[in-house]
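Each chain, letter by letter, is given below.
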Amino acid sequence: MGTKKLEGAKNLTTTLYKSSLFIELIVVFVLFQILTDGIFITTRNLSNLMMQGVTCSLIAVTMMLVIVSCNADLSAGSALGCMGTIAAILQVTFAWGTNMTILAVFASAIAIGLWHGYWIAYKKLPAFIVTLATQLVLKGLILLIGNGASIGPVSESFSLMGKAYLPNVFFKNAAFNDLSLLITIVLIALYIVFSVINEKKRISQGLIQPNWKKKIATLSAISVVAFGIASIFIFYKGFPYAILILIALTALFHFIVKNTKFGRYVFAIGGNADAARLSGINIERVTMEIFILHSIVVALASIVYLGRVGQGTASAGTGFEFTAITGCVVGGTSIMGGRGNVIGAVIGTMLMASLDNGMSLLNMGQSSQYIIKGLVLMLAIAMDVISRNKNG
Amino acid sequence: MKDYILQMKNITKLFPGVKALSDVTFNVMRGEIHALVGENGAGKSTLMKILSGVYPKGEYVGEMIVDGQKQEYGSIKDSEKAGIAIIYQELGLVNTMTVCENIFLGNEIVKNGKIDWDTQNKKSIELLKMLHLNESPNTVVEQLGTGKQQLIEIAKALNKNVKILILDEPTSSLTEADSENLLELLRQLKASGITCIYISHKLNEVLEISDTITVLRDGQTIVTKPTSDMNETSLITYMVGRNMDECYPKAKHEAGEVIFEVKDWTVPKKKNPGQYMLNHVNFKVRRGEIVGVAGLVGAGRTEFAMSLFGALGEKATEGEIYLNGQKRKPFKNPREAINSGVMYLSEDRKRYGLVLSSDLRTNITMASLDKISRMGVIDLDQETEKVGKGIKELNVKTPSMLQLAKNLSGGNQQKVVIIKALLTEPAILFLDEPTRGIDVGAKYEIYQLMNMLVDQGISIVMISSELPEVISMSDRVYVMSEGKMQAELDSEADNICQEKILYYAAGGK
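Chains A and B, in that order, give the protein sequences. Under the numbering used here, the first residue of the first sequence is numbered 1, with each subsequent residue one higher. Under the numbering used here, the first residue of the second sequence is numbered 393, with each subsequent residue one higher.
Since the hints were derived computationally from the structure, they do not count as laboratory data. This one's a predicted model, so the numbers in the text were calculated from it and none came from an experiment. One should not assume that every hint holds.
Quick list of simulated restraints, FRET-style, between CB atoms [what the hints assert, rightly or not]:
| id | chain 1 | residue 1 | chain 2 | residue 2 | range |
| --- | --- | --- | --- | --- | --- |
| 1 | B | Leu497 | A | Arg388 | 17 to 27 Å |
| 2 | A | Ala149 | B | Gly484 | 53 to 63 Å |
| 3 | B | Gly484 | A | Lys258 | 32 to 42 Å |
No residue lacks a Cβ here, since even glycine has one placed at the ideal position from N, Cα and C.
Chain A on its own, in the form it takes in the complex (with noise of 0.2 Å):
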């Protein structure tokens, strides 16, 4: 009898912390759209805020990483602010062309990572320090270069990334954008597709029990709820390219962290350096590949959110890793490391960003958003600790 209810007690906790991000957004999105009297859940709302989160979004993919690998990057904003400003004085007062200056941001970034790299890898200092210098030296590169002013605006090439939808191509006149439409279908064939088959692999190995009522269910579910989102665009203007390049990078992380060598480095350093190390696994190395890759993913945000913005600003990106890092956090990466993953990362940095717009929806004062941004950060790490003690 008491047996039984400890078992389900335990149960259930597990389940709330399983599907704590999916009943966080239920929870978010129902109360702003009671607060903003249904302004909240429109089309084109929606898309703004998925426009205003893709820069984030991104960022949290690599600072996923960061973290699993007990690193933090918070320098992530400035950093992309940085870059910004760089790639609009290249593009306005020198006149560079779009491909040379998207070079340039990228060479600028693999140096920001070299810089992390060398002092965290190599050197063994606590890169919570060394990102927060750099994040400073950042902050004043900027103003020092851009002179404080706004750059822009920026060539019409360049913003594309940033601003730019899908075209219709067969229905040149249809109220839905029919190429996007194709894409969410193959999309969704395809994860379907995929998953049957590696579930089929995984019953046929041994590595699980077949429950296909339960797997037609998530299935279902998960094609469903994309499907839908993936309307908001349909239905309005069609995908940005912003979020074509949030879905690849995304997709592309799920597999590294899943299927290469470097990904399950990553976890292991995270996991246990030590072990890691008699393992004979290069920390250092991968240290200094996660802060080099995860600097390159930044200055892909930062191409895309100057091109959405239109002109570089000193203030571009302040805050923009404290979005990241929280997403990650509430998306069930553990700040402690070893434990984390991409789509829960940037479903959870996109529940930011609806935080973040619904609030500004509801007029309501810079104070109160930080305040309350603040204790959502306190919140999910000490669910993501007490969840870890819990189960020892």
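Since the structure of chain A is provided, determine the placement of chain B on it from the hints.
Using the frame of chain A, we list chain B on its own:
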């Protein structure tokens, strides 16, 4: 009516997916030394964690009566108040603090808002005297050996007016001499009226020290009997549920040519220049033999293996390595060693072996991903197949290879790290205390596996503090003492016995 100081009735405790304890009953009489034995994963530590409040009320089912009072602890603090103190396998001292600070940690004597150091020091000296420990209360704990640290733990417990003292594998990292001291001390404590619960894998110790023995198996109480009614054979039968004819599988190995040789290997101590961690060590390994490395704790055995493996912070200043007869540079890092066919498994599998938060599959292939990857992408099918084969061959008890490493018992965790090592296809395998904290059944399996590997031509270097194990399993034994190779003994020519090894380990020539 018996005078019980502790009664635990119908205790049941669940972990996700595992029933750790099921209806366990455990009764301890006042003033006795009560041994609690059982294989790893039998539930001993879990039971003690309930008793000491680590698992508070609500996380288990059952009833606990301490000193006639029904008790439910909300935390460790509660059980401490009731006079229960537990001393863990892993020591719970703050290494950078002094003996006195550690003894009073959490129980500081405060006068007028500040710590009363005079009284604390005075009381510390009294306690240390009682434990026959000739150290100053101001000594920093990390400067003491493991044996002395253990005594400081006991001093800490005594300081809290302990009624029930629980010792969880207290001698697992102690030398023979230190263990003997500890057992003597327990007898004294018993004479002064302290009840003691003693958990240990070392059955000879249990039989020597205890008054009553309770055996747990698979989370259930199997038997509680006076020690006088038990012997080693009956105890093992209760523990494993079957007869154990032999503890060590004997096997004869045909050693081949020397494949690994170290000459004049010297590593100075970084903190104390002029002193040596390893001092002109000469060492060789032949193909297909088991080489034992014995010695007291602190003799430098682990440091020797780690420095060869390229995993020690300090680097050798002198010395030559020959691999397959070829002279080569010392391994710069574990990667180089692994690629050259040398693998090392640490004595501390939780700290240096496993990523506890990851699943078994990830853990097992961690050191050999190169062999199953192309362009950095892992062949998951091949990985699953290799891991599945290893788990089956070594008989790892787990519902799935996707189980997290932390959910396995000690013996199964040890098998997991061994599979990990084997997948690197080593020619020379260093096993550091391969059976520490492992139950009898799993030990036997690991010995069999070692014999099998040696027959396949792998050479095994086994570092061990358990002398019977070293003597029974090794073809040759090196004895280390204070960073030096004190003796090399051949199992056939030298008639190795415990006394001989101890003689050399203590520095005899």
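Starting from the hint list further up, note which numbers the structure goes against and sort them upward. Hint check: nothing fails, all pass.
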